[in-house]
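Asks: Sequence:
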Amino acid sequence: MSVFRRIHFTWIHLAALIIAIFVAAPLYWMAVSSFKGTDEIGANPPTAFADNPTWDNYREAFGNNNFAIYLFNSVLVSLIATALVLSLSAFAGYALARLPLRGKAPIMVALLMISLFPTIALAAPLFLLMREIGWLNSYQGLIIVYTALNVPFAVWILRNFFLGIPKEMEEVAWVDGASPVRTVLTVILPQARPGMFTAAIFTFTACWTEFLIALTLNTADRFRTMPVGLALFGSQFTVPYGTIFAAATVSVLPIALLVLIFRRAVVSGLTSGAVKG
Numbered sequence: 001m002s003v004f005r006r007i008h009f010t011w012i013h014l015a016a017l018i019i020a021i022f023v024a025a026p027l028y029w030m031a032v033s034s035f036k037g038t039d040e041i042g043a044n045p046p047t048a049f050a051d052n053p054t055w056d057n058y059r060e061a062f063g064n065n066n067f068a069i070y071l072f073n074s075v076l077v078s079l080i081a082t083a084l085v086l087s088l089s090a091f092a093g094y095a096l097a098r099l100p101l102r103g104k105a106p107i108m109v110a111l112l113m114i115s116l117f118p119t120i121a122l123a124a125p126l127f128l129l130m131r132e133i134g135w136l137n138s139y140q141g142l143i144i145v146y147t148a149l150n151v152p153f154a155v156w157i158l159r160n161f162f163l164g165i166p167k168e169m170e171e172v173a174w175v176d177g178a179s180p181v182r183t184v185l186t187v188i189l190p191q192a193r194p195g196m197f198t199a200a201i202f203t204f205t206a207c208w209t210e211f212l213i214a215l216t217l218n219t220a221d222r223f224r225t226m227p228v229g230l231a232l233f234g235s236q237f238t239v240p241y242g243t244i245f246a247a248a249t250v251s252v253l254p255i256a257l258l259v260l261i262f263r264r265a266v267v268s269g270l271t272s273g274a275v276k277g
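In my numbering, the protein residues as written are 1 to 277.
Don't read these hints as lab results, they were simulated from the structure. The beta carbon of each residue, even a glycine, is placed where N, CA and C say it ideally should be. Take these hints with a grain of salt, some might be off.
[What the hints assert, rightly or not] Across the chosen pairs, the derived CB separations fall in these ranges: (1) V259 x L215: 34 to 42 Å; (2) P46 x V181: 52 to 60 Å; (3) T47 x R222: 31 to 39 Å; (4) L129 x T238: 36 to 44 Å; (5) L185 x I133: 28 to 36 Å; (6) V75 x H13: 33 to 41 Å; (7) L215 x L185: 15 to 23 Å; (8) L14 x V75: 49 to 57 Å; (9) M113 x A24: 33 to 41 Å.
Construct all of the structure, not just a fragment, from the sequences and the given hints.
Replies: Written out as structure tokens, the structure reads:
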């Protein structure tokens with residue numbers, strides 16, 4: 001029995017290693033190519049390392065392509081939208097998990113349908129709406145839209161996590177005279193940190209990488225976010241691959257650092273929601 005178990009785990013490890021290589025290989029190639037010159041990027045056969053590393057691609061991205069502005073816009077919009085999503089979804093998730101509300105099942109189904117709705121179908125109506133209220137080429141337009149698009153999924157995550165928190169903790173707070181809002185802030189949310197981290201990272205990643213809505217609503221260069229600005233690098237006749245690789249490497253770093261730092265909280269939040277939801 002132990003032999004079969006050992007073989008079983010060996011195959012699992014091998015499969016995990018293959019998947020990790022499959023995912024990491026393009027990221028490695030992108031990072032290495034960002035330090036290569038134009039001739040070395042187009043070399044045949046390609047080189048796995050940069051023979052003559054250079055920072056020229058990074059200087060070009062930040063100096064001549066306004067990438068610093070695009071990066072700042074993405075950071076600002078993503079952080080504010082994530083904070084709003086967590087603030088709204090925490091109370092909504094708690095209400096759906098704990099309070100005796102009518103129609104919980106239809107509400108959850110509606111939230112699921114909204115979270116799965118194709119974004120491309122919303123581009124034109126959102127453009128017309130933002131034009132009417134004067135929020136085209138603005139930060140608040142993107143922030144409101146990103147908040148609305150990500151709240152349903154965050155509510156699902158947090159609601160499932162709240163179901164796994166013992167109800168006795170709330171009852172003790174109520175006996176001590178705590179109000180429902182204070183109970184959520186001082187008792188429930190500290191216990192739900194893994195779920196909050198999970199919702200925050202998924203929301204931040206969705207806002208950070210969103211392209212279609214940002215392209216539709218913000219056409220002015222000073223309001224463009226990182227994915228849109230990155231897609232517009234180059235011209236009709238030239239494609240600056242080195243500059244694109246450098247900008248893409250910088251854009252991947254925040255997500256990689258977030259996942260690396262909070263990986264245990266994310267795994268805990270996902271497994272708790274899956275098992276106890």
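Asks: Could one say that the CB atoms of L129 and T238 fall in the range 36 to 44 Å?
Replies: Holds - the Cβ-Cβ distance for L129 and T238, about 37 Å, lies within 36 to 44 Å.
Asks: Using the Cβ atoms, figure out if T47 sits within 31 to 39 Å of R222.
Replies: holds, 38 Å
Asks: Is the gap between the beta carbons of M113 and A24 within 33 to 41 Å?
Replies: At 35 Å between Cβs, range holds.
Asks: Given the hint of 28 to 36 Å, is the C-beta distance from L185 to I133 inside that range or not?
Replies: Holds - the Cβ-Cβ distance for L185 and I133, about 32 Å, lies within 28 to 36 Å.
Asks: Taking the beta carbons of P46 and V181, is their distance inside 52 to 60 Å?
Replies: Between P46 and V181, where Cβ atoms are some 59 Å apart, the hint holds.
Asks: Can you let me know if the beta-carbon spacing of V259 and L215 is within 34 to 42 Å?
Replies: Check failed, 26 Å falls outside 34 to 42 Å.
Asks: Hint says 15 to 23 Å; check whether the CB-CB distance for L215 and L185 agrees.
Replies: Roughly 38 Å apart at Cβ, these two residues miss the hinted range, so it is violated.
Asks: Okay, V75 versus H13 on CB: inside 33 to 41 Å?
Replies: Since the Cβ atoms of V75 and H13 sit about 37 Å apart, the hinted range of 33 to 41 Å holds.
Asks: So does L14 sit 49 to 57 Å from V75, Cβ to Cβ?
Replies: violated, 39 Å
This entry does not satisfy hints 1, 7 and 8, going by the numbered hints stated previously.
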